[in-house]
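Listed below, chain by chain, are the residues.
2 protein chains.
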Amino acid sequence: MPKVSPRTLSGFMELLPEQQSKMERMMEILRRTYATYGFTALDTPVIESAEVLLAKGGGETEKQIYSIPREGGDLALRFDLTVPLAKYVAAHYGDLAFPFRRYQIGKVYRGERAQRGRFREFYQADIDVIGDGKLDLLNEAEIPAIIYRTFTALGLKKFRIRVNNRKLLNGFYAMNGMSEKAGEIMRTVDKLDKIGAEQVRRLLIDEVKMLPCKAENVMDFMAIQGSVDQVLERLENYRGMDATFDQGLDELIAVTKYLGDFGVPEENFALDLTIARGLDYYTGTVYETEMTEHPEIGSVCSGGRYDNLAEYYTDRQLPGVGISIGLTRLFYVLGEQGLLSDSHVDAPCDALVIPMTEDLGYAISAATALRAAGVRTQLYGEQKKFKAKMNYANKLKIPFVVLAGEDEIREGVLSVKDMTTGRQQKLLPEEAAAHIRQAVAARNAAPVIREK
Amino acid sequence: MPKVSPRTLSGFMELLPEQQSKMERMMEILRRTYATYGFTALDTPVIESAEVLLAKGGGETEKQIYSIPREGGDLALRFDLTVPLAKYVAAHYGDLAFPFRRYQIGKVYRGERAQRGRFREFYQADIDVIGDGKLDLLNEAEIPAIIYRTFTALGLKKFRIRVNNRKLLNGFYAMNGMSEKAGEIMRTVDKLDKIGAEQVRRLLIDEVKMLPCKAENVMDFMAIQGSVDQVLERLENYRGMDATFDQGLDELIAVTKYLGDFGVPEENFALDLTIARGLDYYTGTVYETEMTEHPEIGSVCSGGRYDNLAEYYTDRQLPGVGISIGLTRLFYVLGEQGLLSDSHVDAPCDALVIPMTEDLGYAISAATALRAAGVRTQLYGEQKKFKAKMNYANKLKIPFVVLAGEDEIREGVLSVKDMTTGRQQKLLPEEAAAHIRQAVAARNAAPVIREK
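Residue numbers (my numbering), protein chains in the order written: chain P, 1 to 452; chain W, 453 to 904.
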């Protein structure tokens, strides 16, 4: 029979079991952390009507979309989790209580040009808080705590949550009479990390066509750095010149006031006036998260405050604040950097039970008992040489092999071989379960991300 | 601005938060149970090349597929998890250890005519064990234990795992000289539950054109019932007439021999000769699972042994055994039947912290402490009347409200109100956490499925 080549499309992540185990662990940590902060799980369809999905329309998004042609209206695959959230909240408004806090971890689709580290199908892990008409600033203040807890739970220590406020920026540009150039300026300032201050100043003058003194103002403003108190103090010098700026500054003060109570250490947090996060969507606090030893990775968790989630579907004002982790990309770069821990048991099971007698009853009962005690157990039934069975356990990195032969049956015990140390001991079934469970739990207590 | 109607496509399940919480709970139980039996998690792309996905080609499948037209070869959405598994095993053969045991819980897509309880996007929860060249019968014997444990973990008691063997059936038809009519006969016998024995007998004679005596043979065979031992004993009467039959009978004997050691009670298990499960794919043991009080739902977990998983992609012989739960449909019918328990905390959080003072520091610290202690906590920061805040907690069915006012701050305590009993008490923060955690754990220990 002619064969079809069993290929996976490029730009689609398909992991081997050991890697998938690590990915599952990360997802579980995200689910648990988001739930700890009172976010409810949501799951919306991958397919939506194209009309609904592209209600905002235009731009790069439309070109990248996966369309499914249908008479009576095309369908399309979601390209983010925000548009489906907007649809969901507008469609189920009457059934929800506000503020509505949801997390969603799901696959999204963008038909981008395939390149290394770019994915066409990828997981996003989003949380959003949506208010009905209003949404208190406290929600914005809480976001850094969630980011902090999430990455700490993953095992990351060297990261910094960078926060800015769009009103502050817009106010600053307004007081300098450069509101109409604000977009261009922000895009240029965004290159600071890459090309440095001198180059940015030159671009502001040569390309954005700013007067040198105004470019200087921008550079001075963007250069404001230091502790939260230091930055806020220097920003006070601009107070009173623009109402929007003052509001933005008040919001920054409120958002940073309770950092300690939220449990966010100063060293993992910074006010950073160079952060803008896109142009037309965010209206208040904005967030980025940088791995301090790996700035080249860019932001691993970003988001901000917006005033109008679902304006294309409803007249209701639905302000919100949210953040998103590009999970597939994060997993990929962590792997590339060698930052994924190998300490965990990523094998399909904790114990491989190998029957050594014709009658399998004892071995099966042993496996059943181990499973009942919470040990992930595989029963090995293939007719192979003993060495092949042990090779199987080794190849899969199964931590314990459990042998059930005539001696063990007679003594009512199990021979438990620790595949890491090579040590083998006879234990009662309940002892074996406890021993294995304990050893596996110790290994699995390690953080997923292991910094060097 | 003109609005787009925020609709969700028909045939796509989109749950409200409380229902989604129940669904998440079910998925978590499935993941945990499958892992307990040594299955590794897998996640393959939703989109595959149409050529790969339709390698087998033809039939109903192709008509129902969601296609994404592309120059250089259409793409398509997966319609089950078996074809992607076949592709995966063929593509990654060299990196896998066999037997390869994987579970996958994922969405699949079929553009069926929409009707009540039929879904176009639905979760399947599959496990498969794939051998390289050979696969021991022990794997087939283990499947009922996995089904038993899965449904027991979900809380179901009244269910029966029905098992048959395709070799037994094929052998039986061969010994009666009706092999070429076997397909037609099996399709007719499949109606036994619905139309009864008399009607089936008539159809076998009138439609399938069988001699009355042969139809009688079929009816006699299909009428074999009773305990495992009784059925096997009556099947012994047919031994020696057909080699395939004898092999099937030996397999049935082997598959049922260790039921007790696997922990499967007799009352949850039956040999049922009327089960066939499709025509050309399964080659050995086949499984169905019936909710005994709800036979109208049909099988909620089915599968069987097959000899050739990936013949369209590789020359390698890859026999396997697997079962599948149609999770979205199961969730839907359980809901329809009122079988989903309301005992759990399906609210987004366990505790709603309501600050009662201008300064939020104390309330935020309390929330941080509760979260650190594993209590899913929401901090309520909206400027509303107290009554509105309590209404919010009630609407979401949040089990505990935690008040932090001047008195509490002075005394260093929290006022914890149990929203079920109405009882309010002052507790130290660590006491509050322990109290809430305990109460929530007790409620969440209830099974997901609550039989009447």
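No wet-lab data here; the hints were simulated from the structure.
Here a beta-carbon is modelled for each residue, glycine too, at the ideal position from N, C-alpha and C.
Careful, some of the hints might be misleading.
Stated by the list, open to error - The calculated label-pair distances, taken between Cβ atoms and stated as ranges, are:
hint: 1; chain 1: W; residue 1: E863; chain 2: P; residue 2: D315; range: 29 to 39 Å
hint: 2; chain 1: W; residue 1: Q890; chain 2: P; residue 2: E233; range: 43 to 53 Å
hint: 3; chain 1: W; residue 1: E512; chain 2: P; residue 2: E296; range: 44 to 54 Å
Hints and how they fare:
no.: 1; hint: W/E863 x P/D315: 29 to 39 Å; in the structure: violated (47 Å)
no.: 2; hint: W/Q890 x P/E233: 43 to 53 Å; in the structure: holds (47 Å)
no.: 3; hint: W/E512 x P/E296: 44 to 54 Å; in the structure: holds (50 Å)
The structure fails to meet hint 1 from the earlier list, while all remaining hints are met.
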